[in-house]
Amino acid sequence: MPSHAHHSASATTGVGGASAGPRRVELLVDNLKCPTCAQSVEQALGAVPGVTAVTVNRTSGVAFVDHDPTRAGVGALYEALKAAGYRTGSGRIRFRIRGMTCASCVIRIEQSLRATPGVLSAHVSLGSEEALVEYVPATTDLAAVRRAVASAGYEVVETPPPSSPSALDRETEERDREYRTLMRQWWFGAAVGSFTMIMSYPWLFPGLGRLFPRESHRLWYMWAFMGVASLAVLLYSGRHFFTGAWLALRHRSANMHTLIALGTGVAWIYSTIALSFPQMFPSREFADVYYDVTVVVIALVDLGLAMELRAKGRTSEAIKKLIGLQPRTARVVREGRETEIPVEEVLVGDVVVVRPGEKIPVDGAVVEGASAVDESMVTGESIPVEKGVGDEVIGATFNTTGAFRFRAIKVGKDTALANIIRMVQDAQGSKVPIQRIVDVVSGYFTPGVAILAILGFMIWYTFGPEPRLVYALIVAVTTLIIACPCALGMATPMSLTTGVGLGALNGILIRGGDALQAAQKLHSIILDKTGTITHGKPVLTDVVVTGGFDEATVLRLTGSVEKSSEHPLAAAIVEGAGARGLGLPDPTAFTAIPGHGVEAVVEGRQVLLGNLKLMRDRKVELAGLEEQTSRLADEGKTPMYVAIDGKAAGIVAVADTVKPDSAAAIRVLTEMGLEVVMISGDNERTARAIARQVGIERVLAPVLPQDKAFNVQRLQLEGRRVAMVGDGVNDAPALAQADVGFAIGTGTDVAIAASDITLIKGSLRGVVTAIQISRATMRNVYQNLTGAFIYNVLGLPVALGILYPFLGILLSPLLAALAMSFSSVTVIGNANRLKRWRPA
Amino acid sequence: MTGDRILVDVIGLGLIAFIVWFFWLVKAKGARAAVTSGGYQEQMVLVKGGYTPDVIVVEAGKPVRLNFIRQESASCSEMVLLPAFNKSARLPEGETVPVEFLPKEPGEYEFACQMGMFRGKLIVE
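Quick note, the sequences are listed as chains V and G, same order. Per our numbering, the very first residue in the first sequence carries number 1; after that it's consecutive. Per our numbering, the very first residue in the second sequence carries number 1001; after that it's consecutive.
One chain only, chain V, in its complex shape:
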């Protein structure tokens, strides 16, 4: 509980606690942008009776108000601000309340809430059992709001957003509880089961055989005891199968529970009848009981479910890692002091304090201080990024050495990380197209198995060997037990969850199962040149000197001239000169010669920079530089001549450079059997030059931006499945037209891009990784589906006794239970195997 709530006066009533006299309160004002705003806020607040002084800090958006709490409450101050047209940084929360039964409860809770210091308004709805509370974060917090509800005799139901760490804890806890229950049920079943298995066949054990001879009264009593014990197992360890089956029946559906409940129930009822009315059966031989089937099957399936639960928990580890990145608390400045609050309570506009070595809790912009921030967990960029006042920071990233304060801009479910998490969760919940076929099949699967079991019983009873009833029963029970709709149902979702999670951990956001399936069977991949293959930003690449000038002089003088130019290429030269540690003096007499170049005087020397035409016009002797120029142009660069004091001094060349790993990534793509095509708006010469550097043969250039989608379609008309890689904003139509659109994002805008697959890192490597992950995932899906299919297709006929006429083999129901549990664990295990995949 933060300390500030203790001393605060009631915001609504204005009645102070211990402190009398004027109090100072800090109000957050959102839209304090205009220069006169501060003044009008001061006026508005100053007009409130009881206010003695108002100071507004426009840059931090805070108003400090000294007021007499007995005359002016904080609520009145807020009203005044609102009336003056300012948004205040008040918090709004919505939560559920348990225990409301009547309309009078509503009034009681509302009154209790409104009497709480700092609460501005409270509305409670009986229908939805929800309360909407507006409060002043400076004077109260959620804990106080909760206490107010509790003091009225009701309970606040905690509803953390599904992506928050606390929701994650709850889910893990729920799973653990379920796991422990299943394990308890398994141990009970196993204990009774081992005893039952031995005592069902005591004649197989020398000592026991003498103690409990066949058809003795003693054995009958033992079996009767077993009947009671196995009923206990049915009711304790197997209860969920029966309730599950019943609930499903009420929905006119059937599932695994139905099959297990039917199988074990039938075995128990048969055994009990055989035991109670042996005279119903022609020979004593019939009276053998099958309590062991009931107990052991239930125990094994419980164990299988428990193992499944564990394995499933591992499947969603990736999303847990992402959720776990979010810090749980934030240190915000409220009422001039630092207070640690849960991250869920940080509001837009709060000033958050970040110390060295801490995580940044939410998204925002730095208002004070500076530091280097490690953003690798969100952007994949491994080098820490320098942040100063005005720079944006991303929640969940890691502050390295400096300390700073920032204003929260996006909180809760709006942060970049929350968006990423939501996207991944949605994708994990989507379906791979092939799953639709499985869905149709599994709709008929369980009732179909029940029909098969009945048919099996009929055939064995009608045509089978004696004792017919026993054979028919075993066949029917085995058939019910061995069929595993789970393996079929889990085959694709488990792989998809793992695959999508694997992508997210590698900086690849896959929108859904269909994108994943499409990405593994591509023919062609179109890469946009600018920003995808290249950095998308020109840099200085070459400096050629001639006529006795040295490189430093040429670059220093050229850089100085370009300082005054606004041409985009000029910035590249200035930056290039700066990077080499050259100080750039200011030029005088700068003139731009449109379409040709620039000229200026630097340190008393006359510098000319421009194209061939400019040099010819000024009669500069180029002394063999033309050859160099055309070589540079062939490399896709933009060369410019430099002349100093009327003499040719050299060439500076600027180019949009290829990202360091583009060529390697393109080589891998080609090796993977994909045709790599480059698309560019540049002229063909420049485009080809870049294509040569990275090893691309097919070039589409020049293509106007609006024609990119059309070019994608043209390739598709050749009968090829085409992927397009580009930035999510300019290339959106082409990305949408492609079978799979890859958006190369940079950092936080990732969630906005309307692509199938988003690469958070700006590298083409990501495309390779994404395709490899989709291939690995789909291979896993097919393995699982094939496995589950073969299991059922082979298992069912064997259970029905198809091998009996030829080999005399009949499957035991116990083996069937083992196989069934094993099959679903195998499917999940195989999906988890995907996690070991590493980018090649």
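Source of the hints: derived by calculation from the structure; they are not laboratory data. Positions of the beta carbon are idealized from the N, C-alpha and C atoms, including for glycine. Careful, some of the hints might be misleading.
As the list claims (entries may be wrong) - One side of the interface only, derived from the structure: several residues of chain V facing chain G at Cβ under 7 angstroms:
1. 244
2. 247
3. 251
4. 307
5. 309
6. 311
7. 313
8. 426
9. 454
10. 493
Stated by the list, open to error - With a straight-line cut-off of 30 angstroms between C-alpha atoms, the simulated DSBU-like cross-links for lysine-lysine are:
11. V/521 to V/761
12. V/413 to V/321
13. V/835 to V/537
14. V/321 to V/835
15. V/321 to G/1062
16. V/563 to V/619
17. G/1121 to G/1104
18. G/1048 to G/1121
19. V/413 to G/1062
20. V/761 to G/1121
21. V/413 to V/537
22. V/619 to V/647
23. V/647 to V/563
24. G/1087 to V/320
25. V/563 to V/521
26. G/1087 to G/1048
27. V/563 to V/82
28. V/413 to G/1087
29. V/659 to V/537
30. V/761 to V/410
31. G/1087 to V/521
32. G/1087 to V/835
33. V/320 to V/761
34. G/1104 to V/413
35. G/1048 to V/413
36. G/1048 to V/410
37. V/659 to V/413
38. G/1048 to V/320
39. V/521 to V/413
40. V/659 to V/563
Given the coordinates of chain V, work out where chain G should sit on it, guided by the hints.
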């Protein structure tokens, strides 16, 4: 063929006919989602051994909010998927989880748990 055999076969065929009728031939009637003051077509869906109701009728072009409340701990039902709308939600036990979407085209859409054990149908008119 002896009498008991004929009896077993007749009962067996009867059971099969019942299964076919019970699971496949009977069509469930749907629940029509009510339109709330917020303009949403809202429907509570209870998740317990299945979805209740499991057929929901809504109108096309109006936003739909399905409030799922899961009252069981079986892990199968911890997620609900609406693949046609690319929506999914985790359903913590005992909590109401709203899922909102806009059905544009009339037709029949499925919603199901991740493994497809529980199924429901959304009929858009």
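Of the numbered hints stated earlier in the document, which are not met by this structure?
4, 6, 7, 13, 15, 20, 21, 25, 27, 36, 37, 39
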